[in-house]
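Generate coordinates for the entire structure from the input sequences, incorporating the hints supplied.
2 protein chains.
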Amino acid sequence: MPWFKNLIKISTTILNQPSSKSITPFASPPLTQFFLQFTKDYSTNIGSKHAGMEPTKTDQKPRIVVLGSGWAGCRLMKDIDTNIYDVVCVSPRNHMVFTPLLASTCVGTLEFRSVTEHIGRIQPAISREPSSYFFLANCTGIDFDKHMVQCQTVTEGVETLEPWNFNISYDKLVIASGAQALTFGIKGVKEHATFLREVYHAQEIRRKLLLNLMLSDVPGVTEEEKRRLLHCVVVGGGPTGVEFSGELSDFILRDVHQRYSHVKDYIRVTLIEANEILSSFDDRLRVYATKQLTKSGVRLVRGLVQDVQPEKIILSDGTDVPYGLLVWSTGVGPSPFVNSLDIPKAKGRIGIDEWLRVPSVQDVFSIGDCSGFLESTGKQVLPALAQVAEQQGKYLASMINRMGKEGGGHANSANKMNLGNPFIYKHLGSMATIGRYKALVDLRESKEAKGVSIAGFTSLLVWRSAYLTRVVSWRNRFYVLINWLTTLIFGRDISRI
Amino acid sequence: MPWFKNLIKISTTILNQPSSKSITPFASPPLTQFFLQFTKDYSTNIGSKHAGMEPTKTDQKPRIVVLGSGWAGCRLMKDIDTNIYDVVCVSPRNHMVFTPLLASTCVGTLEFRSVTEHIGRIQPAISREPSSYFFLANCTGIDFDKHMVQCQTVTEGVETLEPWNFNISYDKLVIASGAQALTFGIKGVKEHATFLREVYHAQEIRRKLLLNLMLSDVPGVTEEEKRRLLHCVVVGGGPTGVEFSGELSDFILRDVHQRYSHVKDYIRVTLIEANEILSSFDDRLRVYATKQLTKSGVRLVRGLVQDVQPEKIILSDGTDVPYGLLVWSTGVGPSPFVNSLDIPKAKGRIGIDEWLRVPSVQDVFSIGDCSGFLESTGKQVLPALAQVAEQQGKYLASMINRMGKEGGGHANSANKMNLGNPFIYKHLGSMATIGRYKALVDLRESKEAKGVSIAGFTSLLVWRSAYLTRVVSWRNRFYVLINWLTTLIFGRDISRI
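Protein sequences, first through last, are from chains A and B.
Numbering-wise (the working numbering), the first sequence opens with residue 10 and increments by one.
Numbering-wise (the working numbering), the second sequence opens with residue 10 and increments by one.
Possibly wrong hints are sitting among the right ones.
Since copy identity is lost for identical chains, a pair holds within one copy or between any two.
Claimed, not checked - Below, in silico cross-link-like pairs of lysine-lysine (BS3-like), each with a Cα-Cα straight-line distance of 27 Å or less: (1) Lys155 - Lys66; (2) Lys354 - Lys155; (3) Lys356 - Lys388; (4) Lys273 - Lys87; (5) Lys70 - Lys273; (6) Lys356 - Lys199; (7) Lys425 - Lys414; (8) Lys456 - Lys300.
Think of the hints as simulated: they come from the structure by calculation, not from any bench.
Rendered as structure tokens:
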């Protein structure tokens with residue numbers, strides 16, 4: 010253990026007498042020699058416009074390429090047997106976001122790094138094995154016949170580097186690239202609202218909220234402007250929207266009242282939903298949630314957003330709703346990448362069979378929010394939920410491992426294999442926090458089924474324990490616990506960094 | 010205690026039977042009524058172009074205006090007696106940065122929020138008292154005759170809001186606005202290098218470092234480009250530059266080797282200094298530091314930077330030094346704001362007398378990096394160190410409190426007061442970490458004096474304990490400890506968020 014070595018190697022030097030000898034702390038190093046390694050002409054930096062990874066040979070490990078690093082892709086990678094396969098992951102982010110806890114980070118109940126897991130922690134082979142890789146890139150196209158994906162690097166933040174393209178040959182391809190937030194074509198949503206799907210969204214919300222709190226306190230702001238700046242509007246009454254509203258009201262009741270006492274009476278939360286909030290939950294839980302949210306000061310509004318402008322939204326009945334912070338959480342739909350793929354779809358998603366294969370092509374699978382059962386399977390397209398993605402990832406990893414063990418790891422070698430039982434989704438229930446140390450837990454297998462559904466503080470304990478045990482690494486489990494503890498004792502941190 | 014109340018208020022509802030009754034979870038609220046409070050015309054949002062805070066009346070508490078939220082201003086605010094004074098702080102950031110620990114955050118040894126303290130934690134009156142405030146703004150000018158500062162809001166991140174101006178009248182003014190990084194007029198430094206003075210600098214360094222590590226692993230990068238991307242160059246061999254180099258080499262030896270094993274042999278750290286590294290330290294400590302840094306793989310180069318280009322710097326001897334990350338840490342000098350003030354200066358800083366007053370004007374004081382003793386005092390301008398700023402803040406708070414107690418709190422009322430003993434700076438020594446669980450501690454009162462100076466692991470314990478006890482809040486003390494612990498056990502987090 011390197012840290013233990015450090016602890017016992019206590020090499021201390023006590024120097025009581027300052028030396029009067031003049032010293033030259035470092036000699037001039039052979040600098041030119043070192044820097045000669047660099048080329049002078051930077052135009053030739055990129056080796057080849059389409060460099061990449063060649064197809065594997067039969068004496069090499071077969072290569073699984075995974076597109077995406079969400080619940081589906083990460084669960085799959087975690088379970089892949091890296092004695093059989095090399096794993097290559099392509100994603101624009103090098104971590105998985107533990108999405109059920111993301112809403113808590115917007116106000117500082119939890120910290121951002123407590124809800125992200127680096128891919129190397131999920132599948133260590135990616136950091137260690139010579140032929141397993143993580144590439145920070147987007148997939149731009151797939152050549153199913155050649156068993157090859159085209160990618161482009163994500164170079165955001167480096168102005169000296171143009172993104173470049175490369176190809177990766179695969180033996181098995183798993184498309185788990187996820188979905189994107191739905192805007193229903195409403196004008197201005199992308200420009201003015203913040204979604205709540207990635208860590209940078211949560212960071213943006215936290216910075217904006219704290220900025221508005223501070224700006225509204227500065228001399229020269231009218232009462233009306235103050236009210237606008239401190240009006241937080243959430244569109245979408247699903248679990249994310251409700252959890253975020255609950256977190257916001259907790260933040261207001263505890264931290265704003267304590268730390269922004271000058272403006273505490275101006276801040277408001279409005280949750281706008283076209284239908285019913287938490288429509289997938291038990292009716293009584295919904296009534297309970299509605300009561301609790303209202304009690305916490307969240308204004309529940311039934312309405313349809315028609316237009317989003319920089320400082321206000323306009324509802325379909327013509328009402329203007331000025332806002333300082335607008336969070337948009339109305340579900341997800343197919344991404345442009347999925348739309349661009351020329352394969353059969355199911356409700357816009359990549360069509361898959363019961364074994365999660367893309368049946369029209371060889372060695373391609375798709376899991377998570379980007380895929381849906383084809384009509385020919387006779388099955389419903391599953392909801393875009395973490396538990397669906399996770400179960401699919403787990404199922405597929407085990408199937409692909411089995412293929413590899415039976416000699417079907419390489420491209421086009423598993424055509425006639427017995428795939429075993431098809432994938433069957435088991436709904437484990439739904440949970441949501443609603444603020445003020447309360448949550449809802451609905452353990453029914455479907456909306457019509459009978460079963461246990463509880464609400465209140467006990468539910469919060471269930472919610473917290475359930476997610477805490479699912480957080481992938483011990484490091485993050487520890488940090489989530491510590492964050493909950495310090496939020497309880499010291500309150501949330503409101504430094505705007 | 011609110012959290013305790015929450016714990017005992019276990020209100021749980023168990024619902025075993027799903028209700029079949031159709032419900033309307035929320036009635037249509039009187040929406041229009043609520044939103045009518047908002048004006049329709051946003052051009053009149055800002056009440057008045059020069060709203061602000063009027064001079065205090067004699068029956069009101071006198072008002073201290075503090076410009077800045079660094080070591081000097083925060084230490085002052087912490088000690089101000091808020092039974093006597095109202096405190097108004099004007100700063101572009103709502104927190105203090107615990108700068109000695111900032112270098113550790115660039116690679117994730119510590120987290121960003123562990124080294125920032127919200128101003129409300131430092132001086133709670135700012136959050137609570139009706140006439141104490143924090144304004145997120147920059148000071149743009151001072152009218153010394155009218156006892157008034159002109160300010161402009163910081164609205165970064167809010168595209169719908171133009172910054173606006175306001176004035177604040179003061180009874181006492183403390184200018185503690187700090188200094189800014191020196192570039193010596195070298196072209197390209199501001200554009201291409203990153204400083205290391207604020208949390209956003211550390212965030213930028215961490216993001217860039219992780220991005221370069223990932224990009225250098227993607228197919229299509231030439232060997233030369235890989236070497237450039239992974240060449241981290243630090244300019245400036247003061248404590249900040251050395252500590253950052255040490256942190257970087259720790260990060261490389263532990264985390265890059267474990268988690269980026271494909272590119273671990275390409276990453277290099279070069280520290281460029283025109284003179285000697287750590288010039289204020291005991292000579293033997295410098296020799297020790299040089300040896301240790303070299304052992305950790307840091308290349309120490311004596312050189313003068315002449316030009317900074319997007320992908321390389323050019324030294325005065327003509328050597329090209331390609332880099333992927335360039336951190337600039339060559340000391341600080343007067344800020345444009347200080348330059349703009351028409352008062353006597355000392356080496357470009359705001360000239361002060363032995364009582365830290367700006368002698369040419371009434372009721373104005375200046376502390377920290379922005380101020381220096383006038384030549385007439387016969388004293389040297391003190392170095393730009395946290396301990397100078399802190400001692401000045403403490404001294405000045407006590408003097409201003411005494412003034413207030415003796416009835417000299419209001420403007421122009423302390424002219425003939427006895428100020429007590431002048432400020433005397435006591436140098437407590439210098440400390441710096443150098444990586445690999447080693448540090449330097451030089452407890453001599455000056456470069457020429459005799460005294461204890463130690464190096465090694467014991468020094469690291471001294472360094473850690475010394476800073477841990479100085480971290481302002483218990484929350485952050487706790488988090489710094491936890492961060493050190495998890496870095497030791499789990500390694501640093503390399504999620505790029």
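Right, here's what the structure says about each hint:
Proximity of Lys155 to Lys66 under the C-alpha cut-off of 27 Å is restricted to the intra-copy arrangement: shortest distance 15 Å within a copy versus 82 Å between copies. Proximity of Lys354 and Lys155 under a CA criterion of 27 Å is satisfied intra-copy only: 21 Å inside one chain copy versus 72 Å between copies. Taking the closest pair of Cα atoms, Lys356 and Lys388 come within 27 Å of each other only inside a single copy of the chain (12 Å); across copies the shortest separation is 78 Å, beyond that limit. In this homomeric assembly, Lys273 and Lys87 come within 27 Å of each other (Cα to Cα) only across copies, at 24 Å, whereas the closest approach inside a single copy is 46 Å.
In the homo-oligomer, the alpha carbons of Lys70 and Lys273 lie at most 27 Å apart only across protomers (23 Å), although the nearest pairing inside one protomer, at 61 Å, exceeds that limit. Proximity of Lys356 and Lys199 under a CA criterion of 27 Å is satisfied intra-copy only: 23 Å inside one chain copy versus 51 Å between copies. For a Cα distance limit of 27 Å, the shortest separation of Lys425 from Lys414 inside one copy, 15 Å, qualifies, whereas the shortest one across copies, 92 Å, does not. In this homomeric assembly, Lys456 and Lys300 come within 27 Å of each other (Cα to Cα) only inside a single copy, at 21 Å, whereas the closest approach across copies is 69 Å.
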